[in-house]
Amino acid sequence: MSSARIILRATAETAAPEAERKLTWYELAWESGFVRKLLIILILAVIWEAYGRYLDNPLLFPTLSETLRALYDRVLDGSLPARAWASIQVLLMGYVIGVALAGTLTILAINTRLGSDFLETMTAMLSPLPAIALLPLALIWFGLGNGSLVFILIHSVLWPVALNTHSGFRGVSQTLRMVGRNSDLRGLNYVFKILIPAAFPSILSGLKIGWAFTWRTLIAAELVFGVSSGKGGLGWFIFENRNLLDIPNVFAGLLTVILIGLVVENLVFRTLERRTVVRWGMQN
Amino acid sequence: MTSPATDGRSGNEQSAGGALLDVSSVTLRYKTPSAAVTATERVSFSVNPADRFVLLGPSGCGKSTLLKAVGGYMHPSEGSITIKGRPVKGPGPDRMMVFQEFDQLLPWKTVLHNVMFPLINARKLDRKSAEAKARHYIEKVGLTRAADSYPHTLSGGMKQRVAIARGMAMEPDILLMDEPFAALDALTRRTCQDELLQLWDETRFTVLFVTHSIAEAIKIGNRILLLSPHPGRVKAEVVDVDTASPTDGSAGRLEKEIHDLLFA
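From first to last, the protein sequence lines are chains P and U. Residue numbers for the first sequence follow our numbering, so the first one is 1 and each next one is one higher. Residue numbers for the second sequence follow our numbering, so the first one is 1 and each next one is one higher.
Hints in this document: simulated from the structure, not taken from any laboratory. Note that the structure is predicted; figures quoted are calculated from it, not measured. Some hints here could point you the wrong way.
[What the hints assert, rightly or not] Covered, in the sense of this in silico footprint (three residues per stretch, anywhere, with C-beta under 8 Å from a C-beta of chain U), are these stretches of chain P:
| id | stretch |
| --- | --- |
| 1 | 165-176 |
| 2 | 188-202 |
[What the hints assert, rightly or not] 27 Å max Cα-Cα, derived DSS-like pairs, lysine-lysine:
| id | chain 1 | residue 1 | chain 2 | residue 2 |
| --- | --- | --- | --- | --- |
| 3 | P | 193 | U | 89 |
| 4 | U | 140 | U | 124 |
| 5 | U | 84 | U | 109 |
| 6 | U | 133 | U | 109 |
| 7 | U | 133 | P | 193 |
| 8 | U | 124 | P | 193 |
[Stated by the list, open to error] Label-pair restraints from in silico Cβ distances:
| id | chain 1 | residue 1 | chain 2 | residue 2 | range |
| --- | --- | --- | --- | --- | --- |
| 9 | U | 33 | P | 112 | 18 to 24 Å |
| 10 | U | 253 | P | 174 | 38 to 44 Å |
| 11 | U | 85 | P | 271 | 50 to 56 Å |
Glycine is no exception: its CB is placed at the ideal position from the N, C-alpha and C atoms.
Produce the complete structure using the sequences and hints provided.
Written as C-alpha cells, this is what we have:
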C-alpha cells in the first residue's frame with residue numbers, strides 16, 4: 001500500500017474551441033422582447049386587415065387601414081387628443097387620491113391591530129363591488145360631473161392597491177424587520193425605509209392592477225353617462241360615434257384606449273420595474 | 001495561561017464591575033399557538049470586553065433565543081440583562097446583530113449603502129463620514145471591489161462578510177452573531193472563520209457568538225458556555241479556549257471532551 005499523494009497535472013495550452021461568439025443580428029433581435037412583441041402585433045394587424053377586406057362591411061368591421069385613417073384624421077383635427085386628455089386628467093385625479101388613501105389605510109393597518117381589522121373587513125366587503133355599480137349613487141351624491149367619476153375611480157383603485165400593499169408588508173421577512181429595528185428605526189421611518197422597499201414588488205403589482213381597474217372603470221362610466229362640463233372623454237367619444245354609425249371612429253377610439261394602456265404599461269411601469277425590483281434582484 | 005478546563009458550573013466568576021454584558025438568571029418563555037415553551041431557564045453568564053464568547057449547545061437549548069433577548073427582541077420573564085450597567089429594554093445600535101439568513105442585507109441598497117444604512121439612521125452620521133467609515137470596514141472584509149454591487153449578485157460568503165462589516169462599522173459595544181456561517185459551504189465557512197479571527201486581532205471587538213458546531217466554538221471562542229436542551233440550562237463553561245491548539249491535538253481532545261459532556 002502506498003501513501004496518499006497529490007499528482008499535479010500540466011495545464012493544457014492547446015487552443016480552446018471558441019468560448020464566446022458574437023450573436024448574429026437576427027439572433028440579437030430575437031432576444032429583444034420588444035421585437036418579438038412587435039412581430040405578434042404585426043401578424044394580428046395583417047389578420048385584421050385581411051378579415052376586414054374579406055367582410056367588406058365598414059358598418060360592422062372596418063379594416064385596419066380605415067381605422068388608422070380615422071385615427072389619423074381625428075388626431076389631426078384635435079378631437080381625439082382632447083378627449084383622451086380629458087379622460088386622463090380625471091383618471092389621474094382618481095388614481096392619485098386612491099393610491100394615497102390606500103397608502104394611509106395600509107400604514108394604519110400595519111401599525112395597529114384595529115386598523116388591520118378595519119382594512120381586512122373593508123376590502124372583503126367592498127373589493128368585489130364593481131365600481132360601475134356605484135355610479136347611479138355617485139350621480140345623486142356628486143351630480144353630473146367629474147366628482148362622481150373621481151369617486152368611483154377612487155373606489156376602483158383603493159382596494160386592490162391596499163390589498164396588495166398590505167399583503168406585501170406582511171410578507172417582509174422577520175430578519176429584515178429585525179435589521180430595521182436594530183438600526184433604531186421606528187414609526188414612519190421604519191415604514192418608509194424598510195417596509196415599503198422590501199414590499200415593493202407587491203406594491204408595484206398593486207399599482208399596475210389599480211391602473212388597469214381605473215382605466216376600465218373610467219371608459220365604462222363615460223359610456224354610461226358620458227359628457228360633463230361640455231366635453232367628454234374617450235368613452236363618450238366611442239359612444240357618440242356609435243350613435244352616428246361612424247364605426248371607423250369607434251374603432252379609432254378603442255385603439256386609442258389600447259394604445260394609452262400599452263404606453264403606460266411599457267413605458268411607465270416597465271421602466272419603474274427595471275429601475276427598482278429588477279435591479280435589486282427581487283424580480284426577474 | 002492555564003490549560004483549557006471545563007468546570008462543572010459557570011466558574012471563573014468575574015467581578016461585576018469588569019463585565020461588559022451581564023446576563024443573570026434569565027428565563028425566557030414564548031408562546032406557540034398550542035403551548036408556552038420555556039426556551040432557557042435561569043441562565044447566567046457575563047461577557048468581558050474583547051471576549052469572544054460562544055454559546056454552544058444542541059438545537060433546542062435556546063441559544064438563539066438567548067441571543068435575541070440580548071439583542072432586545074425578547075424580554076426575559078425572569079432575571080435581567082444589562083450591558084455596561086444599562087438594562088436592555090429593546091433593540092439598539094449598541095448591540096449589532098449578524099444573522100444566519102442571507103436576506104439580512106437590504107436588497108434595494110448596494111453593499112456600500114447597506115453598510116452606511118445603520119450609520120446614517122442610528123448613529124446620525126452625515127453621508128460623507130458614514131461613507132468613509134463604511135468603505136474602511138468594507139476594505140477590512142476584503143470587498144472593496146464589490147462595494148457598488150447589489151446583494152443579489154454576491155455569493156453567500158460575501159453577503160455574510162457585508163453583514164459583518166455593517167455590524168463592525170457601527171463599532172457597537174458588542175457584536176451579536178447568530179450562527180453567521182451555518183448556511184455556508186465548508187470551505188467558505190473556514191475562510192470566514194479565519195477572517196473573523198484576523199479582524200478580532202486587529203480591532204479586539206467583543207463578540208457573542210452562537211453556534212451548534214463544537215469545532216467552530218473552539219476555533220472562534222476564548223470562552224464557551226455549554227447549554228443543555230429542553231429547557232436550556234447552563235451545563236458548564238469552558239475557559240482559556242485559546243490555548244487549545246489544532247496542531248498538537250489539544251483542540252481535538254477538547255472537542256471530544258465537550259462532545260461527551262453534551263451528549264452524555
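Checked hints:
1. 165-176: holds (count 3)
2. 188-202: holds (count 6)
3. P:193 x U:89: The hint holds at about 23 Å.
4. U:140 x U:124: With Cα atoms ~22 Å apart, residue 140 of chain U and residue 124 of chain U stay inside 27 Å; holds.
5. U:84 x U:109: The given pair, whose Cα atoms are some 33 Å apart, is violated under the 27 Å limit.
6. U:133 x U:109: 17 Å, holds
7. U:133 x P:193: Status holds; Cα separation ~21 Å.
8. U:124 x P:193: 15 Å, holds
9. U:33 x P:112: 18 to 24 Å: 22 Å, holds
10. U:253 x P:174: 38 to 44 Å: Holds - the Cβ-Cβ distance for residue 253 of chain U and residue 174 of chain P, about 39 Å, lies within 38 to 44 Å.
11. U:85 x P:271: 50 to 56 Å: 54 Å, holds
Comparing the model with each earlier hint shows a violation of hint 5 alone; every other hint is respected.
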